[in-house]
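Undergrad: The lines below spell out each chain.
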Amino acid sequence: MKKWLMHDSWRHIIAVGVCLFSLFPLYLVVISSFASSGSLQLTSFVPHEISFKNYHLLFNNPAIPYLTWVKNSLIIAGSVSVLSVMIGSASAFAFSRLAFKGRKTGIQLLLLVQMFPAILAISAVYVIMERVGGFAPAIGLGTKPGLLLVYLGGAMGVNIWLLKGFVDSIPAELDEAAKIDGASEVQTYWLIFVPLAAPVLAVVSLLSFIGTFNEFILARLFLVDMNNRTVAVGLQQFIGGQYSQNWGPFAAGSILASIPIVIIFLSLQKYIVSGLTAGSVKG
Amino acid sequence: MTFMLRGKFALLLKVVIVSLISAILLMLTQSAFAQQEYVISGFLALTVLAIALTYLTKISIPLKFFIPGILLLIAFVIGPILYTVTMSGFNYKTGNIISKQEAIIQIKARAIQAAPSGESFDIKLGKVNGVPAILVSDIANLKYFVSTADSRIPVDARDVTLDPNGVAITAPNFTALTDAQMSNADTSYSNIHFKYLDKTFIALEGFDAGVVSEQALEYLPAQDEFKSLIDGAVYKDNGRGNYAQPDNKAAILEPGWRAPIWFENYTKIMSDPRVRGPLVRVFIWTVVFASLTVLTTFALGLLLALALNKPIHGRRIYRSILVLPYAMPSVMSILIWGGMFNTEFGAINTLLGTHIAWFSDPNFARVAVILVNLWLGFPYFYLISSGSLQAIPSELLEAAAIDGANPRQIFRKITLPLLLQILSPLLIASFAFNFNNFNLIYLLTGGGPRNELDGQIAGATDILISYTYKIAFGAGTQDLGLASAISLIIFVLVASISLYGLRKSKVLDTFA
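Protein sequences, first through last, are from chains A and B. Just so you know, the working numbering puts the end of the first sequence at 283, numbered straight through with nothing missing. Just so you know, the working numbering puts the end of the second sequence at 1512, numbered straight through with nothing missing.
Check each hint, because a few of them may be wrong.
[Said to hold, decoys possible] Cβ pair distances, simulated, as ranges:
(1) Pro-199(A) x Pro-1311(B): 43 to 53 Å
(2) Asp-225(A) x Thr-1354(B): 36 to 46 Å
(3) Leu-112(A) x Met-1182(B): 53 to 63 Å
The hints are simulated quantities; they were obtained by calculation from the structure and are not laboratory data. Backbone N, C-alpha and C define an ideal beta-carbon position, used for all residues, glycine too.
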């Protein structure tokens, strides 16, 4: 007993130290969300009181449409994650499995395009969507469908690239067998490939969900109306202004919005790590 | 399931879906064309054509898989990139946002001033033969007339009815607007020049008063120039998006329009010290910030991976806690850290017992940025490093131990070089990501602190991308042209870094 403690103590010291570093901000938010003072102050490490005032405020104050924000985030992130994987996996399948002229050039072009940080084109996207709004107000600037389209387009490059990496790692024997049996490419895709790749597709779509849920600046530029905001943008408004430091409801809202994301993330940890590397490292 | 992919049902389903999508897109094409958005309209038309050709003929099977993804990519990634390239060649900034035609209309509209006579009349809005008209009452002289854009018809005083103030409210042929019509008439009436004398007209001031006005500038389409009707000065197109006096370049007419200036935005970046100075400073900090972030996050992540590379007690619990910062939505974490660094009530100052104004001092702000990014980023490298440590063949380490190497030597001579080799593409990717880590800077410090008295745009913690954002969408002059030019330079830098990283990882070999 003593021996392992001695021998491994440095490991525990480092781990505990960094764990405290990790937990400190999170602990602070949790106690702030239960404090009634509305500030992010560190008065003591043990909370004096447990008040649900902030949580109550989120759901019962008509000036804070928290549930609407959550709904918006879920709708937008949900649609992006499902649609982008549906569309992206078809392209990835073609890049990975089908032979056609210009495939190599296509992949290289895709590689270059997915490197373009979406944020660099933000002014162009803004101006273009403003113009689109001029003739089609339903999908222009300031609308959820408009933002959805921009996200979908932006996710395409990275998603196709990421999915192509995954598709490459799925053995091709099965779809070759299907081909010999006379299946068309479309049939191979739907009946062989999609069922095989379903777990991978689910992981990529959840990654895409987290990524979209986390997106801030496009949502901020696009959705000006209070009832159209996403959670990230909405909550930022509490503490964005110089004199509006409403940490209490912000803390409560952040915790509620983060819990599902953290759960998804922790359960997908293994895949996420391989997903993060699959784009850049092979094998 | 097969019935959905083959046979009559599948064909019907396909035709219905394709025609539905085509119909929507065609509708958009048409309305875009009507709004004179020809490029967008053309793209939409091509989209319809591409979809119909791909799915209703047997032109190419791979295309059936590609088309939706590629079209989205073209519309929202490649299109904006090309548009950014175009904008970078224009003087697209505050005061030069609209097109030339719109600018001419606006200059004309703005060049209206009250006539020297200083007359103004009470008026009544209405219509004559369906044309917008005003019934004007010159109360002082008891004269009345009806004015439209082209004509002025005197009305005999006996033919009008007056209200208690002596203002005419009815006249022959003249139908006054109802209250409901009035509320919609605002813009349409205020733009009309109602005829008065030869060179003067009546411009509305509110709903019941009109001022005798004159046009100060006249547009001569043949010469494409504006001429002042007061002092005869001539304003010509200066080729840079403004009408200016040929001999006095500073005398320009507002607003201007977006005009091509080709490479001027780029030469400005290279040669104008007001642009170049801040940009170089921001660039240096960007590189320092990204390097330090990669260094610190990798160091801490690796340290943890080494510490937990043995099945010690509580490893699973440690691991779950350690990835929490990575699992939290980063927007919220960054905002929370922002609150913790607050001078007055922030937890950091309370904990340290200090009273540091973190975000007001350039160096403290930079430390804060690096620290927060360390918190956000170390779990990633912890996860990656511990995975890679497992991948190092244990024979190597055992062989070294047999040869008498101590643990430190083994780490320095074998583990670290191997790890660096495995992880170098990821380190480079992380550098590229942090090079453009907009959210962190924008949400934590907003790029500050900066010297506002000097009119600086760039703050001490601004990185290239947040600086560019400020140029494009900032509070003062918004210069989309310059911002686009900087964006493209950043893209070239980041793409070079990423391509270098990919070459190292040999991904390119798979299709070379």
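Undergrad: Give a verdict on every hint.
TA: Now for the hints, and whether the structure bears them out:
1. Pro-199(A) x Pro-1311(B): 43 to 53 Å: 28 Å, violated
2. Asp-225(A) x Thr-1354(B): 36 to 46 Å: 42 Å, holds
3. Leu-112(A) x Met-1182(B): 53 to 63 Å: 58 Å, holds
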